[in-house]
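Enquirer: Residue numbers (numbering that gives the first Met the number 0), protein chains in the order written: chain A, 0 to 289; chain S, 0 to 71.
Derived from the structure by calculation, the hints contain no laboratory data. Since this is a predicted model, take the numbers as computed values, not measurements. Even glycine gets a Cβ: it sits at the ideal position worked out from N, Cα and C. Some clues are possibly wrong.
Facing chain S, from chain A, some residues (calculated, C-beta under 8 Å) [said to hold, decoys possible]:
no.	residue
1	A134
2	F139
3	I146
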Amino acid sequence: MATSTNKTKIWFLRIISSIIGFALFAAPVALIPRLTNADIWDVHASCIRMTLNHFFNGLVKIVKFDFINITDDIMILLYFLPGTILLIVGFIIAPLFFGRHFCGWLCPAGFFTEYLNKLVPKKLQIPFHKLDVKAIRYGFFTAFLLIGFFSLGNMACAFCNFNIIQGIVGLATFNADYLSTFGTRLGWITLAWVLIFGVFSTGGRGFCNLFCPPGILSSLCHWGGGKFRFSRKIEIDKEACDSCAKCVPTCPMCAVNLKEKEIDLSACITCHVCQPACPKGAIIYGKGRV
Amino acid sequence: MKNILAIRSLHIKTYVATMAVTLLGYVGVSCSKNCIQCYACLPPGALVLGLMLSKNIRVRFQKFFTSKKKIR
Chain A
0 MATSTNKTKI WFLRIISSII GFALFAAPVA LIPRLTNADI WDVHASCIRM TLNHFFNGLV
60 KIVKFDFINI TDDIMILLYF LPGTILLIVG FIIAPLFFGR HFCGWLCPAG FFTEYLNKLV
120 PKKLQIPFHK LDVKAIRYGF FTAFLLIGFF SLGNMACAFC NFNIIQGIVG LATFNADYLS
180 TFGTRLGWIT LAWVLIFGVF STGGRGFCNL FCPPGILSSL CHWGGGKFRF SRKIEIDKEA
240 CDSCAKCVPT CPMCAVNLKE KEIDLSACIT CHVCQPACPK GAIIYGKGRV
Chain S
0 MKNILAIRSL HIKTYVATMA VTLLGYVGVS CSKNCIQCYA CLPPGALVLG LMLSKNIRVR
60 FQKFFTSKKK IR
């Protein structure tokens, strides 16, 4: 069941996959929007926040037997079709069976903060994972969904880290259209969020851990799927583990609980970085319980 | 048992507080009546909440600044 991995191989594959992630979703390449002939040729074509919001609103309307107004939600889901497919496959089905590979291997926003975090001295990194992460994460997510539920509006574009990352990449490639990203107060505030909660957080994935709505949905699916034997997940072999703690600092999501010798499945993004760090080979990716 | 209850109670408080800050920030109650949905009220609220709740972060900041003073 154990996989033979090493640190260099994992990091090489992650760097390659992050480049593929940028090329697939973000301008200037944005392969998915171009292949699907979407109207917008950047991350907005495969927006997963907007689709998540309208997916939830549609479900609520089905429960309420409100089949007249549901067409608005369906139209939005069809407009952002790559995002809708990505949401269902990458954030609901895949985490249930295999783990959060999109977050750990393809997400351009997550990689951006994670890589920049490597330049931040340990002393300046803020340990947000020591907060009551689950309460903040699910509290924010509930509010995100409730705003749509009570028809107060749509919070999908508020604090969208994808928008900020696209703005930075767009400006770096001398595309003046992306100047508008930072032309509003919301743009600057979201940039501050990305810096404080992302780049300056321990591991560089604080934003993903606390405030990414699709990420939170996939974390719920991965945590739920982890309860069943069919689900593949990263686990610690408690008998083989000698609590050397070498895996702890490698985890970008700070998901390793050394006291219980467990990996928090609601935080784990299945990046496999912890596996080669273990000298005993006690960290395993596989089905069922160890 | 008391400890478990205390932890759960803090967990629920944090959950409700985060939800409330997000909702209030969005609706714009904390800034003005003419909300243009700039969400400017939200990050300070969330940051203050985070810093208030986290003893570890407070201690870390204190240690950071005190160690700097000692060097000077």
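Enquirer: Now look at each hint and say whether the structure bears it out.
Expert: Quick rundown of the hints versus the structure:
no.: 1; hint: A134; in the structure: 4 Å, holds
no.: 2; hint: F139; in the structure: 5 Å, holds
no.: 3; hint: I146; in the structure: 6 Å, holds
Consistency with the previously given hints is maintained throughout, with no hint failing.
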